[in-house]
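**Student:** The residues making up each chain are set out below.
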Amino acid sequence: MSDKLKPASILIFVALVLLAPSIQDALSKEAAKFVNDSESSHDGLPESWNESQVLCVLYPVDFPHEDYNSGVTMIQSDGSTLGVNDDYNGTGVCVGGFTGYTEGMTFFLDATNATGGSLSVDYDVKEWGPYVHTIGGVNHDNIAETFDGAYWNLDHNGEISMVGIGDLVMSEGDVLVWSITIY
Amino acid sequence: MSDLHNIALSPNQTILLNAAILILIATALYRAERKLDGNEPWIMLCILAIFAIAGRILLDPLPNIQPVTVVVLLTGIYYGAPRAFAVAGIVALATNFLVLGHGPWTLFQVVGWGSIGVAGALLSDRLLIDGKLNLNRLAVFAAVSGFVFNWIVSLSILMKTDPSMLIPYVLSGLTFDMFHAAGNILFVAWMAEPLGEMMLRHQTSPNQKAVSEVVTN
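Note that the protein sequences, when read in sequence, are chains S and W.
When we follow the numbering used here, the leftmost residue of the first sequence carries the number 1, and every step to the right adds one.
When we follow the numbering used here, the leftmost residue of the second sequence carries the number 1, and every step to the right adds one.
Some hints could be false.
As the list claims (entries may be wrong) - List time: in silico DSS-like cross-link candidates among lysine-lysine, alpha-carbon distance up to 27 Å:
| no. | chain 1 | residue 1 | chain 2 | residue 2 |
| --- | --- | --- | --- | --- |
| 1 | W | K160 | S | K29 |
| 2 | S | K29 | S | K126 |
| 3 | S | K33 | W | K35 |
| 4 | S | K33 | S | K126 |
| 5 | W | K132 | S | K6 |
| 6 | W | K160 | S | K126 |
| 7 | W | K132 | W | K35 |
| 8 | W | K35 | S | K4 |
What the hints assert, rightly or not - Incomplete in silico selection of chain W near chain S, CB under 8 Å:
| no. | residue |
| --- | --- |
| 9 | P63 |
| 10 | V110 |
| 11 | A139 |
| 12 | Y169 |
| 13 | L174 |
| 14 | A182 |
| 15 | W190 |
| 16 | P194 |
Just so you know, the hints here were simulated from the structure itself, not pulled from any lab data.
We put the beta carbon where it would ideally sit given N, CA and C, even for glycine.
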């Protein structure tokens with residue numbers, strides 16, 4: 001009996017390694033159906049963005065972005081600045097007015113590019129996908145020195161994202177928010 | 001000051017290096033066990049814990065492949081629930097404090113692995129028949145344990161979010177759970193028999209214990 005178990009165990013493992021990407025893809029799509037289309041995630045954003053996809057990056061008080069250090073700057077997808085919301089919770093930047101994106105990572109990179117270089121992104125590629133450590137020059141490791149640890153947290157329509165940015169499946173009107181979380 | 005020890009390794013190099021370290025540790029433990037006369041259950045428990053701790057830390061670069069679940073399961077089968085729970089606890093604590101990060105999830109991992117040890121102890125007469133492991137049953141049980149353990153640990157998100165997020169969270173993690181299950185089957189297929197024989201040599205059966213107590217009295 002155990003003679004069969006040894007080759008079988010390897011077979012199962014190899015099959016899983018080969019199938020894992022497509023299984024994960026299907027599961028991410030399935031999980032995305034549970035993300036609520038919260039309209040309140042558009043609160044405080046320009047009304048013209050209500051139907052469009054938005055990316056926000058919020059900075060901690062002690063580590064503000066050099067350009068967006070007062071209120072939250074609203075930038076249109078073509079790079080033009082719409083205004084600054086001083087009542088928004090935190091300081092940073094939101095880029096909006098996008099439509100048609102389904103892959104979180106593509107949207108993230110395009111939206112940060114739209115600001116003309118002030119939101120440069122750096123990430124490591126881990127076995128399970130991209131791991132974002134720097135947005136707009138703020139690396140979570142620099143902040144972690146003051147605390148036990150810090151990381152870039154990703155919210156999807158107002159809730160903590162269940163998947164990494166590399167597996168995130170988007171629909172129209174989605175709002176993604178990156179913010180530093182300290183522990 | 002020179003920084004010659006700080007060599008950046010590629011992921012594949014790290015896995016190879018870690019595998020080499022793990023093989024060295026496992027060989028050392030195997031040889032140490034050979035030198036014992038037998039009937040040393042506590043030394044055997046230490047050997048199991050050291051192997052599980054080293055295995056979990058060194059195999060960390062691989063997604064969810066680690067020997068802890070199978071080691072705790074076997075400990076439950078051979079040594080009973082309390083000792084399996086203790087091994088589960090010390091392995092989770094040691095690995096999390098040393099390398100992988102301690103937090104509220106440590107409690108869930110201790111409970112998760114502990115429960116698998118308890119389940120192994122409860123089902124020991126179905127999995128261990130006349131001193132011989134039923135490997136096929138054990139493989140199925142270990143695969144299921146992989147999923148159950150991960151779901152118990154997933155419950156820790158309830159401290160931060162509401163229950164409605166549990167389903168999408170578990171769904172997104174299913175691939176990760178499958179890797180845990182497949183890894184457990186690998187460990188059962190290749191490791192359970194030799195490890196079981198070792199543990200059997202250091203198993204004080206309840207009957208023997210009763211006899212020795214009578215004699216000393």
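**Student:** Each hint should be assessed against the structure and marked as holding or not.
**Tutor:** So, going through the hints one by one against the coordinates:
1. Pair hint W:K160 plus S:K29 holds up; C-alpha atoms about 23 Å apart against a cutoff of 27 Å.
2. Between the alpha carbons of S:K29 and S:K126 the distance comes to roughly 21 Å, so the proposed pair stays at or under 27 Å and holds.
3. For the hint pairing S:K33 with W:K35, the CA-to-CA distance comes to about 58 Å; that exceeds 27 Å, so the pair is violated.
4. Pair hint S:K33 plus S:K126 holds up; C-alpha atoms about 26 Å apart against a cutoff of 27 Å.
5. Distance check on the hinted pair: W:K132 and S:K6 sit about 17 Å apart at the alpha-carbon level, within 27 Å; holds.
6. At roughly 25 Å between alpha-carbon atoms, W:K160 and S:K126 fall within 27 Å of each other, so this suggested pair holds.
7. Of the supplied pair hints, the one linking W:K132 and W:K35 holds, its CA atoms being roughly 23 Å apart against a limit of 27 Å.
8. For the proposed pair W:K35 and S:K4, the alpha carbon gap of about 32 Å is over 27 Å, so the pair is violated.
9. Among the interface hints, the one on W:P63 holds; its C-beta lies about 5 Å from the nearest C-beta in chain S, closer than the 8 Å criterion.
10. With its C-beta approaching chain S no nearer than about 20 Å, W:V110 sits outside the 8 Å limit, and its interface hint is violated.
11. Restraint check, W:A139 versus chain S: the minimum CB separation of about 6 Å is within 8 Å; hint holds.
12. Annotation: interface hint on W:Y169 holds; nearest CB of chain S at approximately 5 Å, less than 8 Å.
13. Taking 8 Å as the C-beta contact cut-off toward chain S, the hint placing W:L174 at the interface holds, the least distance being around 5 Å.
14. Because the closest C-beta pair between W:A182 and chain S is about 5 Å apart, less than 8 Å, the hint holds.
15. Against a cut-off of 8 Å between C-beta atoms, the interface hint on W:W190 holds, since the closest Cβ of chain S lies about 6 Å away.
16. Checking W:P194 against chain S by beta carbon gives a least distance of about 12 Å; that is not within 8 Å, so the hint is violated.
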